[in-house]
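So you can see what is in the structure, the chains are spelled out below.
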Amino acid sequence: MLWLLRRAIVILYPRASLPGAADCALDDFLRTFKRETPLSVWAGTVAGAVVFHLFPLFTVFVPLPAFLLPRRLADLHAARISVSSLYLVRQSIFLVKMCAGLCWAADPQVRARLALPPLIEDPRTWRTS
Amino acid sequence: MSHVAFRPRGEDLEDTFDFVVVGSGAGGAAAASLLVRGGAKVAMVEAGAWRDPTDYPQTAFGGMRDLMDNFGAQVTMGRALWPVVQARVVGGTTVVNSAICVRTPGDLFAQWETEHGLHDLERPLLAAEDRLEQALTIEEVPAHARGRSNELAVVGEAALGWPHRHVMRRYAKHCEGQGFCLQGCRAAKKQSLNLTFAPEVAAGGTVLSCAPVEKVLLEGRRAVGVTGTFRHPTSHARGARFTLRATKAVLVAASVTHTPVLLMKSGVRLPALGHFFRSHPGTGVFGVYDEPIDLNVGATQGWASTAFRDQPGFKLEVLSIPPELVASRLSGGGTQLMQRLEDFRHLAMWVVAVRADSVGRVTKSLFGNPVVHYSLNHADMLKLRAGLKLLAQQHFAAGARKVLPSIAGLPYELTADQVDLFDQAPLDPRAYVAILSHLFGGAVMGRDEATSVVDHRGRVHGYQGLVVADASVIPTNLGVNPQHTIMGLAQVFAEALL
Numbered sequence: 214m215l216w217l218l219r220r221a222i223v224i225l226y227p228r229a230s231l232p233g234a235a236d237c238a239l240d241d242f243l244r245t246f247k248r249e250t251p252l253s254v255w256a257g258t259v260a261g262a263v264v265f266h267l268f269p270l271f272t273v274f275v276p277l278p279a280f281l282l283p284r285r286l287a288d289l290h291a292a293r294i295s296v297s298s299l300y301l302v303r304q305s306i307f308l309v310k311m312c313a314g315l316c317w318a319a320d321p322q323v324r325a326r327l328a329l330p331p332l333i334e335d336p337r338t339w340r341t342s
Numbered sequence: 003m004s005h006v007a008f009r010p011r012g013e014d015l016e017d018t019f020d021f022v023v024v025g026s027g028a029g030g031a032a033a034a035s036l037l038v039r040g041g042a043k044v045a046m047v048e049a050g051a052w053r054d055p056t057d058y059p060q061t062a063f064g065g066m067r068d069l070m071d072n073f074g075a076q077v078t079m080g081r082a083l084w085p086v087v088q089a090r091v092v093g094g095t096t097v098v099n100s101a102i103c104v105r106t107p108g109d110l111f112a113q114w115e116t117e118h119g120l121h122d123l124e125r126p127l128l129a130a131e132d133r134l135e136q137a138l139t140i141e142e143v144p145a146h147a148r149g150r151s152n153e154l155a156v157v158g159e160a161a162l163g164w165p166h167r168h169v170m171r172r173y174a175k176h177c178e179g180q181g182f183c184l185q186g187c188r189a190a191k192k193q194s195l196n197l198t199f200a201p202e203v204a205a206g207g208t209v210l211s212c213a214p215v216e217k218v219l220l221e222g223r224r225a226v227g228v229t230g231t232f233r234h235p236t237s238h239a240r241g242a243r244f245t246l247r248a249t250k251a252v253l254v255a256a257s258v259t260h261t262p263v264l265l266m267k268s269g270v271r272l273p274a275l276g277h278f279f280r281s282h283p284g285t286g287v288f289g290v291y292d293e294p295i296d297l298n299v300g301a302t303q304g305w306a307s308t309a310f311r312d313q314p315g316f317k318l319e320v321l322s323i324p325p326e327l328v329a330s331r332l333s334g335g336g337t338q339l340m341q342r343l344e345d346f347r348h349l350a351m352w353v354v355a356v357r358a359d360s361v362g363r364v365t366k367s368l369f370g371n372p373v374v375h376y377s378l379n380h381a382d383m384l385k386l387r388a389g390l391k392l393l394a395q396q397h398f399a400a401g402a403r404k405v406l407p408s409i410a411g412l413p414y415e416l417t418a419d420q421v422d423l424f425d426q427a428p429l430d431p432r433a434y435v436a437i438l439s440h441l442f443g444g445a446v447m448g449r450d451e452a453t454s455v456v457d458h459r460g461r462v463h464g465y466q467g468l469v470v471a472d473a474s475v476i477p478t479n480l481g482v483n484p485q486h487t488i489m490g491l492a493q494v495f496a497e498a499l500l
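Protein chains in written order, with our numbering: chain A, 214 to 342; chain B, 3 to 500.
Note that these hints are calculated values from the structure, not bench results. Fair warning: this is a prediction, and the values are worked out from it, not measured in the lab. Even glycine gets a Cβ: it sits at the ideal position worked out from N, Cα and C. Accuracy of the hints is not assured; some may be wrong.
A partial selection of chain B residues facing chain A, derived with a Cβ cut-off under 7 Å [what the hints assert, rightly or not]:
| id | residue |
| --- | --- |
| 1 | THR61 |
| 2 | ASN72 |
| 3 | PHE73 |
| 4 | ALA75 |
| 5 | VAL157 |
| 6 | ALA161 |
| 7 | SER268 |
| 8 | ARG342 |
| 9 | LEU343 |
| 10 | SER360 |
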């Protein structure tokens, strides 16, 4: 499932003049995301990735899963499915994009390109007494 | 100082207090601090952890995980799935909001009196708000901390000649404009209640954190305490049980979604419980400018207009969301999305929060969690759309090159001569990416037991020693940011208990 989600994210956020999702620490992030989000969020995000990979037939009219599409068609599929007229499809892809955005825009290289300072590591601490 | 955080299994906790306050947000912490000042023995119980500014996460992911209720994943069950945003941390939503301070608008008191039979609230509530403004530092967003997005909003407002212009007042002390209000202010400038009232409660009473309350204990129709189980803040492992007895009263301030459900789970039976849920649904328009805006530099929210509160019925404000959320908020995917993200430094986001008339309901799921049933009606959708059009006009008046409406069915971007296309935007809520930020109702105040849950001092009808002290008592939509009203009402209710 991680692989499926990773592929969807890499297609949705490809390397262009800005770094792509594949240029970020995506694998580490996805493992953390799976471990630390509520089951409903994880399940919804994975469902979104499944929808993403199953829908090329309805966006670019090719009966292949998105991960088997050539790059140009995959890119077109990503653009079309994210603005699908079907609300639940659009929302499913939004969940994948949100997961991707949480990783992508926190990455130091991306932040540097956006003129933002790097983030410190989340402390994961709290008052214990 | 007495603070009890997570306790492992086997270290059960039992104690007796005068008052037990469930929740430590705007309502709970304000009520508990007043009770402590009055000399009472108080326990304040919070489901989330107690995090200080050095504990705050900086990433948006960390903020959702460590500070938000259920990762911010609660959504409305209605025509559209809109997130219902609330925090789960000591200090509650005051940790993750922009600390905007607006006094309760005067027209509401007349409405509450005529429609809900609520007398004797205006004078004590406004007096409580006076005291709160003294106790918590209130400042206008300083010029050096406004950032370009807020400055341009002022320019656009002035160019359009909107009335009631003023700089936003917030619970902040020497804001530096670091742009992290929504993830908690690591500079400790925001006067969130984990830094102000919660330490006061801990100094004079007891604070339990990581301690979700499962049930209010009732003996007949009298509340005598609460019980629950500690939850570890990272592993979510169940810990020890706690039982806190209250000799005088239990105050429930667990949020608009959790308060009604906690009362339902505790066996409170009132016909209006969970009903009359209301909110300020909001969404935004990005303006794209030639100059760099760098929207995450400066106060997250430093400008607002209440000029349209009465007619058509909405509030406009700046909201600079973190870049992680901008990355998913812009529509599109693939190379097209990456090209759009190249505009990031030139984006300013301004939002409309609708003073919605739509009414929803909070119910309990099979697993005992809150479910929010809510959809915007046609009239409210017209307001939302009108607000977005005004924001677009404001962006253009401030010099924007184009705007990004983010409405399904409209083009990705519009130029100034296309602004009337907003009038043709769909009125289906599913076409909008919106959230519910300010929540009201579910245990509303009123005189009639058939249509309300509590009286004008938050006392639950037909029960003794049981008080609700959060936004769930507010029977109407305020049309302004509610933190000041919530804290004021909670202190009025607490004062009546001393």
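Review point. Broken hints, numbered, in rising order?
Key: 5, 6, 7, 8 and 10
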